[in-house]
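Peer 1: Which chain is which? The protein sequence lines are A and B, in order. Heads up, the first sequence is in my numbering, so the first residue is 738 and it goes up one at a time. Heads up, the second sequence is in my numbering, so the first residue is 842 and it goes up one at a time.
In short, the hints are calculated from the structure, not lab data. A portion of the hints provided could be inaccurate.
[Unchecked claim] Anything over 10 Å on all C-beta distances counts as not near chain B; from chain A, calculated: (1) L744; (2) G746; (3) R764; (4) A769; (5) P786; (6) T807; (7) L811; (8) D823; (9) G829; (10) S831.
[Unchecked claim] Footprint (simulated), chain B over chain A, 3 or more residues, beta carbon under 8 Å: (11) 777-783; (12) 787-799.
In this text, all values refer to a predicted model and were calculated from it rather than measured experimentally. Ideal Cβ placement from N, Cα and C applies to all residues, glycine included.
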Amino acid sequence: MIINHPLLGPRDAQEFTYLGDASLIDRPDWQAEDAQQQFYEYTYLRENPAGEHRELWFHEAGDRSWLVVTRNTLTHEISNVEMASDVARARGRSK
Amino acid sequence: MSYSGFRVIKEALRGHTGWKPAWRNPEPQSSYDYIVIGAGGHGLATAYYLAKEYGKKRIAVLEKGWLGGGNVGRNTTIIRSNYMLDGNEPFYEFSMKKWEGLEQELNYNAMVSQRGILNLIHSDPQRDAFVRRGNAMMLNGADAELLSVEQIRARYPFLNFNDARFPIKGGLAQHRGGTVRHDAVAWGYARAADRLGVDIIQNCEVTGFRIENGVCKGVETSRGYIGGNKIASCVAGSSSRLMSKAGMRLPIESTVLQAFVTEGLKPVLPGVITFGAGHFYCSQSDKGGLVFGGDPDGYNTYAQRGNLPTVEDVCESGMALIPAIGRARMLRMWGGVMDMSMDGSPIIDKTDIDGLYFNGGWCYGGFKATPASGMCYAHLLATDTPHEYAKAYRFDRFRRGYVIDEKGMGAQPNLH
Ligand SMILES: Cc1cc2nc3c(=O)[nH]c(=O)nc-3n(C[C@H](O)[C@H](O)[C@H](O)COP(=O)(O)OP(=O)(O)OC[C@H]3O[C@@H](n4cnc5c(N)ncnc54)[C@H](O)[C@@H]3O)c2cc1C
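Turn these sequences into a full structure, and let the hints guide you.
Peer 2: Printed below as a string of structure tokens:
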């Protein structure tokens, strides 16, 4: 697989390590009333879809940035690559 | 029809005209007491034990493709009970004991071969860890023996003993481990279940569940609606896909694991060996091919094929351990989609929906579990209580913090 890094251009997926579902960006509020339930779901439950999947890849052997890659789990086709920091900022986070 | 030496001679004398198909190909009925979804090893074993051990009737196994076409037909056939943790080791040793009598019970040659499995040790801390594991195994009634370099050299003289980085310093052997002809396990259970009246319905994909007031009443399939009192999901790599149709999210991700086989060689590898410094395991099939594998590809996928970086990594590990393997030509490689759970251990449990049950999360080690998984799942379905060896395999262990994480990797499925 080739991942089209927003800053570095097309890079071999071998340079990256894989973390999992991009929902891991959205860490729950630890002070919420139901924080325990939220953290359980955040830590352990996954959509694991057959089809389009937004997921976190880390450019370990490159610029060490985190990317949000939109990839089809049936065909391995990658349709979108974003910097994870941009995705987090777009949700009102500082980084 | 029972299989025996006598039968073979009789058929030889009359030109093999008397052999019958090993199982029927029935039309689905409108309803069953028990519907098992997925005719892999676990689903077929579950149906068999439901009929055999629990005397249940009106059982169907629904399979979207052909029986045995999933991971049970794709794995590297290794059986062992060399786990460490309390929730796992008694279960896998139970499974090992069931393998030991399986062929007689099923009247089917599954080529159960207890040729032994050897986990190699490359450092002193690794030896400590393996000694601990061996002790845990013996405490649970399994066999384990720590082998010296000389003992290993006598059996496997061609290993790379003096590698500068990863010298071989010993090994943990389980002599009762080995390999089983994977397809024959599916076929043996299918035939035995069919003989007890189980309807195995192939080309019948479950596309949805009919759930009314929190009770599962039946399944929608590519061959129409089928009602059922107890519906048992047993679809391995497709677990999340199927259970999402019941509105469930699982502690599971699907990953592909590849396997490889070389051209047929003369007998060279008497048992199963695993590399302790990289991920590589190898055995020799009865046809002579070296069957080997390594790490899963490590990203979510439902494509039953892997990518080249993993092929390179596995072959490099193989070369590091058995330099001679470089002279063998690789014949075939393939992949299977695995249900990787969040702690690397399986789930055999009820769901929050009445009448809907779940078996999955087998990661890359569910083949060896087939007999025990079938027994425990059948027990759960028949009695609504967990089998004594599957008490730890509950959904709520994640919420409650009782994960069974053999490698201590945390909630990241691709690391287990
Ligand atoms: C390459 C590879 C090597 C492995 N090596 C080993 C090993 O050496 N030792 C070991 O112990 N384990 C090994 N495993 C793991 C083992 O193969 C699996 O854990 C085990 O086979 C899973 O259980 P099963 O046999 O029931 O699954 P499967 O055979 O996959 O059965 C599931 C069935 O469900 C069917 N299905 C899916 N969705 C639906 C639906 N909607 N409706 C109807 N049917 C459906 C599928 O078609 C399939 O036939 C390996 C796996 C792979 C991929």
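Peer 1: It remains to establish, for every hint, whether it holds in the given structure.
Peer 2: Cross-check of the supplied hints:
no.: 1; hint: L744; result: holds, 21 Å
no.: 2; hint: G746; result: holds, 19 Å
no.: 3; hint: R764; result: holds, 13 Å
no.: 4; hint: A769; result: holds, 16 Å
no.: 5; hint: P786; result: violated, 8 Å
no.: 6; hint: T807; result: holds, 12 Å
no.: 7; hint: L811; result: violated, 5 Å
no.: 8; hint: D823; result: holds, 21 Å
no.: 9; hint: G829; result: holds, 26 Å
no.: 10; hint: S831; result: holds, 26 Å
no.: 11; hint: 777-783; result: holds (count 6)
no.: 12; hint: 787-799; result: holds (count 3)
Violated hints, in rising order: 5, 7; the structure is consistent with all others.
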